[in-house]
Each structure stands twice: as C-alpha cells, then as structure tokens.
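Number of protein chains: 2
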Amino acid sequence: MYGGPDDLRTSPSKILNGLSLDDMRLLQPYLVRQELCYRDELLSANQPISHMYFVEAGLVSLISTDSRRREVEVAIAGRDEVVGIELVLGDNRSINKAVVQVAGTSLRISASDLLEVIASSRSLHLRLLNYVRVLMTQMSQTALANGKGSVEERLARWLLMAHDRLEGDDYPQTHEFLSIMLGVRRAGVTVALHNLEGKGFIRSNRGIITILNRADLELYADGLYGVPEKEHKRLLG
Amino acid sequence: MYGGPDDLRTSPSKILNGLSLDDMRLLQPYLVRQELCYRDELLSANQPISHMYFVEAGLVSLISTDSRRREVEVAIAGRDEVVGIELVLGDNRSINKAVVQVAGTSLRISASDLLEVIASSRSLHLRLLNYVRVLMTQMSQTALANGKGSVEERLARWLLMAHDRLEGDDYPQTHEFLSIMLGVRRAGVTVALHNLEGKGFIRSNRGIITILNRADLELYADGLYGVPEKEHKRLLG
DNA sequence: GGGCATTTGTACGCCACCGTACAAGTGGCA
DNA sequence: TGCCACTTGTACGGTGGCGTACAAATGCCC
Numbered sequence: 501m502y503g504g505p506d507d508l509r510t511s512p513s514k515i516l517n518g519l520s521l522d523d524m525r526l527l528q529p530y531l532v533r534q535e536l537c538y539r540d541e542l543l544s545a546n547q548p549i550s551h552m553y554f555v556e557a558g559l560v561s562l563i564s565t566d567s568r569r570r571e572v573e574v575a576i577a578g579r580d581e582v583v584g585i586e587l588v589l590g591d592n593r594s595i596n597k598a599v600v601q602v603a604g605t606s607l608r609i610s611a612s613d614l615l616e617v618i619a620s621s622r623s624l625h626l627r628l629l630n631y632v633r634v635l636m637t638q639m640s641q642t643a644l645a646n647g648k649g650s651v652e653e654r655l656a657r658w659l660l661m662a663h664d665r666l667e668g669d670d671y672p673q674t675h676e677f678l679s680i681m682l683g684v685r686r687a688g689v690t691v692a693l694h695n696l697e698g699k700g701f702i703r704s705n706r707g708i709i710t711i712l713n714r715a716d717l718e719l720y721a722d723g724l725y726g727v728p729e730k731e732h733k734r735l736l737g
Numbered sequence: 501m502y503g504g505p506d507d508l509r510t511s512p513s514k515i516l517n518g519l520s521l522d523d524m525r526l527l528q529p530y531l532v533r534q535e536l537c538y539r540d541e542l543l544s545a546n547q548p549i550s551h552m553y554f555v556e557a558g559l560v561s562l563i564s565t566d567s568r569r570r571e572v573e574v575a576i577a578g579r580d581e582v583v584g585i586e587l588v589l590g591d592n593r594s595i596n597k598a599v600v601q602v603a604g605t606s607l608r609i610s611a612s613d614l615l616e617v618i619a620s621s622r623s624l625h626l627r628l629l630n631y632v633r634v635l636m637t638q639m640s641q642t643a644l645a646n647g648k649g650s651v652e653e654r655l656a657r658w659l660l661m662a663h664d665r666l667e668g669d670d671y672p673q674t675h676e677f678l679s680i681m682l683g684v685r686r687a688g689v690t691v692a693l694h695n696l697e698g699k700g701f702i703r704s705n706r707g708i709i710t711i712l713n714r715a716d717l718e719l720y721a722d723g724l725y726g727v728p729e730k731e732h733k734r735l736l737g
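These protein sequence lines are chains A and B, in that order.
Every number in the numbering used here is 500 more than the matching position in the first sequence, counting from 1.
Every number in the numbering used here is 500 more than the matching position in the second sequence, counting from 1.
Careful, some of the hints might be misleading.
Identical copies go unnamed one by one, so any copy, or any two together, can satisfy a pair.
As the list claims (entries may be wrong) - No more than 25 Å apart at the CA atoms, straight line, and that leaves these computed lysine to any residue pairs for SDA-like:
1) LYS648 to ARG539
2) LYS648 to GLY683
3) LYS648 to GLY688
4) LYS514 to ARG714
5) LYS699 to THR674
6) LYS733 to SER550
7) LYS648 to ARG686
8) LYS733 to ARG568
9) LYS730 to ARG593
10) LYS733 to SER544
11) LYS730 to ARG569
12) LYS648 to GLU676
13) LYS730 to ASP591
14) LYS730 to SER544
15) LYS648 to ARG568
16) LYS648 to GLU541
17) LYS597 to GLU718
18) LYS733 to GLN547
Treat the hints as calculated values from the structure; they're not laboratory data.
Predicted model, so just to flag it, every value in this text is computed and none were measured.
Whole structure, please, built from the sequences with the hints as guidance.
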C-alpha cells in the first residue's frame with residue numbers, strides 16, 4: 501500500500517497528479533507500488549489484463565503482433581502514462597504486448613478494483629479516457645511514420661519520444677532492441693545512428709544514446725514527431 | 501428525424517442494433533439520416549467534431565496526416581461502425597481526417613446531443629467505448645502492416661477490410677485513390693492488383709475491383725488481416 | 001587479468017519500391 | 001460522332017533497406 505493522498509500529489513505521474521482530491525482518495529487504497537524491471541512483459545497480446553499500471557518512471561513499449569510473429573512497436577508509455585488502459589474501455593483483454601524497455605517504477609491497481617473505482621467516479625473515468633485519446637493519436641502517427649518515414653526519421657522520432665519520458669539526456673538501448681521496435685534490421689539502426697551522430701544531433705556509445713541537440717532532432721523528424729505530444733499537453737499536462 | 505425505435509432495430513448498424521431498448525429510445529430523438537457522398541470530408545484532423553455518424557452503408561477512411569502533408573489511411577469505418585468516436589473520450593477534436601470513399605448513408609447525432617445522451621446512459625457509453633477498442637486494434641494492425649508488409653499484402657488486407665463492409669463482391673475504387681490510402685505509388689497499386697488478379701483472387705476492371713476468392717485472399721494476407729475482425733465480432737456481435 | 005558473451009561496425013549482392021514519364025484505353029459530354 | 005478528361009498499363013534508372021555474414025570492440029565474470 502502506498503501511503504496518504506499527499507504522496508499521490510508528489511507522484512511523478514501527471515495523470516494521478518491531475519486528479520481531484522476526491523478521486524485521489526478513491527484510488528489511493530488500491531494502489532500498490534511495483535518495480536518495472538527490464539524486459540518484464542506487463543501485458544500479453546489478447547490476454548486478460550490483471551493490473552493497470554500508472555507509470556512513474558521508466559519506459560514501456562506497446563507492441564503489435566500478428567500470427568506470423570512479425571512485431572512492431574506502436575506506442576510508448578512512460579512517466580505520466582498508463583499501461584493496461586484497455587480496462588477502461590469495457591473489456592479486459594490487452595490489445596498489444598507491453599514490455600518494459602527501461603526499468604522504472606509504477607503504481608498498479610488490480611483490474612477488478614479499477615472497474616469498481618471508475619464505476620463510482622465519472623471524472624476519474626473521463627481522465628483515463630483522455631489518455632486513451634492520446635494513445636490513439638500516438639498509434640495513428642506511428643502508422644504514418646511506418647508507412648512514409650525513412651529509418652533515420654523514424655529513429656529520430658523514437659529518440660524524441662523516449663527523451664520526453666526519461667530524466668536526463670542519455671539512456672540505455674542496444675541497436676538490436678531498437679531495430680525490433682522499429683521493425684527494421686539491426687545493421688540499419690547502427691547506420692542511422694551514425695548518420696544522426698554525424699549531424700551532431702546525438703552521441704551514440706555502446707549501449708547508451710545521448711541527445712545533444714534536441715531542437716535540430718525535432719526539426720529533422722518534423723511531421724513525424726509532435727502531434728501526440730501536443731495532445732498530451734493539451735489534455736493531461 | 502428518423503422514426504420509431506423499430507426503425508433502429510432494422511438499421512444496418514450493428515452498434516445501434518445491439519443497444520438495449522432503453523438506450524435506443526434515448527438516442528432515437530436525436531438521430532438524423534445523412535447521405536454520405538463520395539469524397540465528403542466528415543471530419544478534419546485536429547478540428548472540432550460537429551456530429552458523430554453511425555454508418556449504415558458506404559465506406560469512410562480515417563487518414564493520419566503530418567505537417568509535411570504526408571498521408572496514410574489508419575483505419576476504415578463502414579456499416580456497423582462509427583465516425584467521430586473521439587467524442588466519447590471527453591474531447592471534441594478529431595484525431596484524423598475522415599473521408600467518404602464509397603457513398604452510403606448514416607445516422608448522425610450532434611456532438612452536444614451525444615454528450616448529453618452518454619452522460620445519462622452508462623451502458624450506451626460503454627458500447628461506444630467497445631468500438632473505441634476495436635478501432636485501436638485496427639490502428640495497431642495498420643501500424644504493423646505499414647511497417648512490415650509488402651504493397652501486395654497490404655493491398656490484400658485493404659480489399660478484405662473493404663469487402664467486410666460492403667454489400668456484394670465488387671466495388672468502385674481507382675488505383676490513384678488506393679495508392680493514397682496505402683501511401684504508395686499509383687503504379688505500384690496497378691502492378692499489385694495485376695499480381696493478385698494473376699493468382700485468381702480478384703478481378704480488376706476500370707474503376708471496379710471484384711473479390712473472386714476471399715478465402716485465398718485471406719490466406720495470402722494472413723497475419724496482417726484478421727485480428728481486429730475477431731475483436732469486432734467478439735465485442736459488437 | 002584472461003576468457004567469453006554481447007554489442008557494434010561494416011561489407012556484399014539483391015530486390016521491392018520509388019519518382020517519373022508517357023502512351024494507350026475508356027467513358028462522359030457537347 | 002468526336003473531343004477531352006480521367007484512368008490504366010508499362011517502362012526506366014535509382015536507391016533505401018533487406019538478409020546475411022563476419023570481424024572488431026567492449027564489458028563482465030571467474
């Protein structure tokens with residue numbers, strides 16, 4: 501169990517922070533802190549969701565799969581976001597696989613408790629539905645990026661999205677894992693990273709990528725980055 | 501105005517059909533029939549939504565855009581589906597552009613009326629949220645298809661999705677328009693259609709594509725087609 | 001401090017799809 | 001009936017990313 505309502509006010513999660521005091525009190529008793537460990541699979545595609553997670557720190561990938569085991573990341577959830585949001589849409593099965601990419605922490609609530617709580621607070625339900633909207637926007641943009649962007653542009657977009665959700669300018673990520681997220685060759689990621697480094701946007705060392713020049717990186721990815729971010733600020737920020 | 505509740509029971513829209521009698525009575529007074537004309541832009545990206553549409557017949561594309569005017573279709577709505585669903589997520593701005601691809605009919609409800617109605621019926625709200633889930637699944641699969649599928653596979657997927665939503669086995673569509681939807685060259689669509697025709701799956705005449713062998717077409721698109729369709733059946737009947 | 005697994009750099013031929021272009025076919029309308 | 005706008009067929013070289021492969025670099029553990 502997590503403590504008093506004041507703790508929630510200082511939780512890094514914007515979604516929790518933005519709640520009314522009443523909603524916080526309502527949610528409070530059900531929240532349990534849970535560590536997010538690297539490569540934890542929080543949700544499996546098309547499987548029942550046991551808990552919903554308010555992410556406080558770290559990075560979680562939502563990954564779409566098909567019957568031929570092809571995989572692509574369709575969205576990212578980090579601080580201020582929620583994993584297992586499908587629960588608020590009246591069904592308990594997960595649409596995508598959810599995997600922890602960067603370790604962190606979360607506050608989780610069981611599916612049954614969540615259903616009870618949102619049934620008794622329309623305002624809480626609505627706030628979570630706002631996040632559904634942000635997520636849909638992110639998915640739409642991913643579909644666009646995958647269809648029309650080059651590997652290098654898509655990588656730039658991904659780095660910006662990760663940067664938004666993590667403290668500091670550098671974070672750990674192997675080329676291999678990035679290539680799976682983007683659905684491209686590992687070697688393709690290596691080359692694209694070199695190119696972005698050559699332009700001075702980032703520095704890439706073994707296992708660690710550092711954002712050097714965020715403004716230019718945004719410019720480079722422009723069009724593919726930005727829309728869901730504005731949404732997020734407008735609705736939840 | 502649309503008539504008595506019995507009319508709703510016979511509406512082609514599954515979402516309407518599946519409602520309880522109470523919810524139907526509630527919705528009834530606000531519904532107005534509206535023709536969907538070829539190339540009507542029902543919603544514009546990031547603009548306020550004036551009406552939500554229960555599609556009865558025809559085909560509507562949801563199209564994602566960026567600031568560089570790149571465009572890709574991210575989802576299709578037809579019979580049994582809804583355009584403008586963002587309204588049930590607590591915000592009145594459309595995520596994507598919505599364009600009529602094949603003419604048809606719809607029942608529309610104004611944004612303010614809809615908000616009133618879903619505020620007074622949780623069950624109606626929940627049914628619409630079920631559709632949000634189906635739509636998210638479709639978007640996820642589109643992101644996957646765009647990232648990993650060949651033009652020919654994606655075209656097969658698109659034809660199947662259209663076939664699901666239209667009466668009969670053939671429907672009108674120029675290569676040009678298809679190419680915009682898939683985000684590829686017009687010439688690429690022409691070639692891909694020929695290939696599918698060569699395999700005996702379809703016949704393609706000037707402006708009209710006919711599905712000849714649905715089963716084989718599904719097999720060919722396998723992996724990229726099927727997931728959202730199962731969802732739709734499971735949740736909305 | 002040496003060995004080993006992991007990660008990264010880089011190369012090779014290949015092919016799907018691109019951008020572009022233009023001719024041929026087709027239907028609508030004056 | 002003939003013209004015109006639209007649609008479709010097909011071709012061309014160019015290239016981005018693929019699949020694959022292997023060596024070099026790095027970090028970790030014994």
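Going through the hints against the structure:
1. Taking CA atoms no more than 25 Å apart as the test, LYS648 paired with ARG539 passes between copies only; the shortest distance there is 23 Å, against 29 Å inside one copy.
2. For the homomeric pair LYS648 and GLY683, the shortest alpha-carbon distances inside one copy (14 Å) and between copies (7 Å) are both at most 25 Å.
3. Taking the shortest Cα distances, LYS648 and GLY688 sit within 25 Å of each other both inside one copy (17 Å) and across copies (15 Å).
4. When the C-alpha separation of LYS514 and ARG714 is checked against a cutoff of 25 Å, the pair qualifies only within one copy, where the shortest distance is 23 Å, while the shortest distance between copies is 47 Å.
5. Taking the closest pair of Cα atoms, LYS699 and THR674 come within 25 Å of each other only inside a single copy of the chain (20 Å); across copies the shortest separation is 42 Å, beyond that limit.
6. In the homo-oligomer, the alpha carbons of LYS733 and SER550 lie at most 25 Å apart only across protomers (23 Å), although the nearest pairing inside one protomer, at 29 Å, exceeds that limit.
7. In this assembly of identical chains, LYS648 and ARG686 lie within 25 Å of each other by CA distance both inside one copy and across copies; the values are 20 Å within and 15 Å between.
8. Proximity of LYS733 and ARG568 under a CA criterion of 25 Å is satisfied inter-copy only: 22 Å between copies versus 37 Å inside one chain copy.
9. In this homomeric assembly, LYS730 and ARG593 come within 25 Å of each other (Cα to Cα) only across copies, at 13 Å, whereas the closest approach inside a single copy is 29 Å.
10. In this homomeric assembly, LYS733 and SER544 come within 25 Å of each other (Cα to Cα) only across copies, at 20 Å, whereas the closest approach inside a single copy is 29 Å.
11. In this homomeric assembly, LYS730 and ARG569 come within 25 Å of each other (Cα to Cα) only across copies, at 18 Å, whereas the closest approach inside a single copy is 33 Å.
12. Both within a single protomer and between protomers do LYS648 and GLU676 lie at most 25 Å apart by alpha-carbon distance, with minima of 22 Å and 17 Å respectively.
13. Taking identical chains as interchangeable, the C-alpha atoms of LYS730 and ASP591 lie at most 25 Å apart only when they sit on different chains, with a minimum of 14 Å there against 28 Å within one chain.
14. In this assembly of identical chains, LYS730 and SER544 lie within 25 Å of each other by CA distance solely across copies; the values are 17 Å between and 29 Å within a copy.
15. Taking the shortest Cα distances, LYS648 and ARG568 sit within 25 Å of each other both inside one copy (23 Å) and across copies (11 Å).
16. Taking the closest pair of Cα atoms, LYS648 and GLU541 come within 25 Å of each other only across two copies (22 Å); inside a single copy the shortest separation is 29 Å, beyond that limit.
17. Taking the shortest Cα distances, LYS597 and GLU718 sit within 25 Å of each other only across copies (24 Å), while inside one copy they are farther apart (28 Å).
18. In this assembly of identical chains, LYS733 and GLN547 lie within 25 Å of each other by CA distance solely across copies; the values are 17 Å between and 31 Å within a copy.
Checked against the numbered hints above, the structure violates none of them.
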